[in-house]
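S.K.: Starting from the given sequences, assemble the full structure and let the hints guide the process.
So the sequence lines, in the order shown, correspond to chains D and S. For the first sequence, position 101 matches number 102 in the numbering used here, and the numbering has no gaps at all. For the second sequence, position 235 matches number 215 in the numbering used here, and the numbering has no gaps at all.
FYI, nobody ran anything at the bench for these hints, they're computed from the structure. Treat the hints with caution; some may be incorrect.
Said to hold, decoys possible - Keeping only pairs whose Cα atoms sit at most 25 Å apart, straight-line, the calculated DSS-like set for lysine-lysine is:
hint: 1; chain 1: S; residue 1: Lys300; chain 2: S; residue 2: Lys289
hint: 2; chain 1: S; residue 1: Lys153; chain 2: S; residue 2: Lys121
hint: 3; chain 1: D; residue 1: Lys31; chain 2: D; residue 2: Lys6
hint: 4; chain 1: S; residue 1: Lys176; chain 2: D; residue 2: Lys82
hint: 5; chain 1: S; residue 1: Lys593; chain 2: S; residue 2: Lys635
hint: 6; chain 1: S; residue 1: Lys176; chain 2: D; residue 2: Lys85
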Amino acid sequence: MPKLKVNGRNHDVAVPDDTPLLYVLRNDLKLNGPKFGCGLSQCGSCTVIVDGQAVRSCVTPVGSVSGQEITTLEGLGTLDKPSKLQQAFIDEQAAQCGYCMNGMIMSAQALLNKSPKPTEAQVRSALDGNLCRCGVHNRVVRAVLRASREA
Amino acid sequence: MNMMNTTRRALLQGGSLTLAFALTPPALAQKAAKQEGAALPGDLKLHPKISSWLRIEEGGKVRLLFGKVEIGQGILTAAAQLAADELDIDIQRLVIVSGDTRVVPDEGVTAGSQSVQYGGIAVQIAAAELRAYLIARAAEKLGLEAAKLKVVDGTISGGGKSVSYWDLVAGQKIDIEATGTVPVKAVKDRRYIGKKVGRLDIPAKATGALIFIQDLRPDGMLHGRVLRPPTYGAKLVSMDRDVAAMPGVRRVVRDGSFVGVIAEREEQAIAAIDALRRTTTWDMPKDVPTSETIYDWLKAQPAKLITIKDVANPAPDKAKKVVEAEYRRPYHMHATIGPSTAIATFSGDGSVLIQTHTQSPFETAAAIAQMLNLPKEKVQCEHWQGAGCYGHNAMDDAAADAALLARYVTGRPVRLQWSRNDEHKWEPYGSAMVVRMKAAVDEKGDILDWDHTIWSTSHGTRPGGKAGNLLPAQSLEKAHPLPTPVNGGAPNYAADRNGIPAYEFAGTHVRTHFVEKLAARASSTRGLGAYGNVFAIESFIDDLARAAKADPVEYRLRYLKDPRAREVLQKTAEMFGWAKWKPAPGKGRGIAYARYKNLATYTAIAMEVEVEKSSGVIRVKRVCSANDSGEIVSHDGVANQIEGGIIQSLSWTLKEGVRFDEKGVRSEDWTSYPILTFSEVPPIDIKLIDRPGMPFLGAGEASQGPTGAALANAVMDATGVRFRDVPFLPSRIKAGFTA
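M.R.: Put into structure tokens, the structure is as follows:
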């Protein structure tokens, strides 16, 4: 039985090891942040941070991350107390529908953890695997650079 | 407040949310103020009872009932701002219910950039009338003249006395109808309308609070999944139901060629469908059109000929030359990032509630009722937000799927989310089109006669209350066939949207061969025919300018008479630095213009590209765009829509085209149907020309058309080759050089 450490809390989940992490986070732990987008590691909507790395939870077997530190969007901040990066997305109005925003924020957070002062090119490169259909790419880049500036 | 345990209905009750931006046109409000007698504006005409829209409730709340729905465009925020301002209440007092067929007024479909014009204005006037009624009641109670009373956050006061809305009428049904005679607030007295504030829904979305339908988890919820056929019209011959023994599987359902599974867990439902798929055999249709043959197919089909403009050139003798060219656009996907989702729950009395992100809750409920052979009132829809849709995607089909499965497990909610493959392969696309342009020019190259001919399938197969428009209904044993599609007429048009040129010529002819049959499944996709028509018009006029050895901006201005159109074109050229731009090898510039639907936002686009001859790769270096959407209420909201449209249209034009053949759709994921990514998105400079006092003009779809054409013109400028087939894949560009 996989032992999960998510947003600082421990969970035992009674599912087979090969269950995709995404479904465990969403359906067992009832977390809304990571979203189902493709199930193929192609769009980034399901991104979470595992031991500092941005990981696509839709193709990550839950057994492979047993005991590792998993952070979801909920682990960064809350509606009442958003994190700096979440606040930067709000301030830049970096959304239309907002469905991809989880992946954008989590991929950007992983980048900022490693490179607190990224260049615009580094931000674009780090987010290149995250798809957005509404076309808010440039706003997202501005939000990440704002968070980096204000950190 | 714990958002995890609340519904979106409570969202506006929370004290922690700051309110956002409005898409509210003050000009409309001014217009409404002039209304006299029973001439009610917008959807208030359909629902004149004030209680259809607003209720004063216990606990200092006001309930706003709204028939339009949030699709990421900010409409709920706009409606809240209108209601709060006109009622003189703090916006936090509002409890909004939208798109719930059990309680809200039926406002049809949320589409076509018209929600504020019809729904918003109704809320605004209803609120103003309710306020006037409450003041009259207070005057009576306080024994004062109504004109001497003031309202602050729902408390009416004067002469040292006061009474609140809630003291007066909380919980009472107010049975009054709108009169159309109450003026709305003066612009200077507004607290919310037109003020710069952040959008209501973004904080919840940035932090994982419950706001999307995908995140609803009602107690006892099961997971459904449907097995889609391999291709359009395939009939199920056989399948093996052994999957019923797989872990978690509660039910395997077959009804004709409709096959579904209900399981305890999401991944169990997915695994069962995958296993089931391997046991099926299908009767496949033969001699079907493919993405390779589609343009010939379109022109070969029997079609309805629809002429929307036919003005003869009075002096045909002056024509010295006739120029002709043909343009093609493929099927484009809406390609939502979040696959379509619905939750359906049957009650013991045989009624069903469907939680859905449909744009048309009433019409979808009616279509599902017909599919299930239930009385209309037994099927209700409750709207929740989904991912961006950009038109009619699989949202309604998912709702129908969920209902078809849930009826086998009365009392248990069945959640169903489409797979990525199903969403890519089965959503109704934006139709492929062929556009043939013909012009007669004089000896100087000036245009005398203009001829625009379209071949297209339908751009509108929304549910409209008919089961046959729902994908699963077409597969049932007792199948509901697709109703014969029709082309939308004036003033919005559909396949022929923006077919009438903005330019004034001596002769103009615009006609459509409307093909009623479908090749690939098709319906409303952002801009409808405007994308293909503007692509053709603006590419063609660019070539005519070139042939006349004229500057493309100056040449367009010869025929563009509307001063607002001229201004956005000239402003865009100025932003781009058109006059001082220096050519360089491999570099090109292009410009294009259109006024969306010939009645909404004016948009011009200019861009610079670099084309690498060795690979055929196009790099868009920068884009400039000036726009006129009438009076600007939310600068940020309009700019966001215009920029998003530019990026989506660049993606369509550079990369996208649905591939399909006799085995089915081959564009089945983001690898086989790639879209633009961060590293490919250029810097975009947007300017909005404000027109205080003028009507607000819809902006959500305005930039799709001119963007594709500006790109084509820039590539022509860079390469000397005219590309008339979308998409501009590197292979096609490379081949164009060597041809």
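S.K.: State for each hint whether it applies.
M.R.: Evaluation of the provided hints:
no. : hint                : result
1   : S:Lys300 - S:Lys289 : holds (23 Å)
2   : S:Lys153 - S:Lys121 : holds (18 Å)
3   : D:Lys31 - D:Lys6    : holds (14 Å)
4   : S:Lys176 - D:Lys82  : holds (22 Å)
5   : S:Lys593 - S:Lys635 : holds (17 Å)
6   : S:Lys176 - D:Lys85  : holds (21 Å)
Comparing the model with each numbered hint stated earlier shows that all of them hold.
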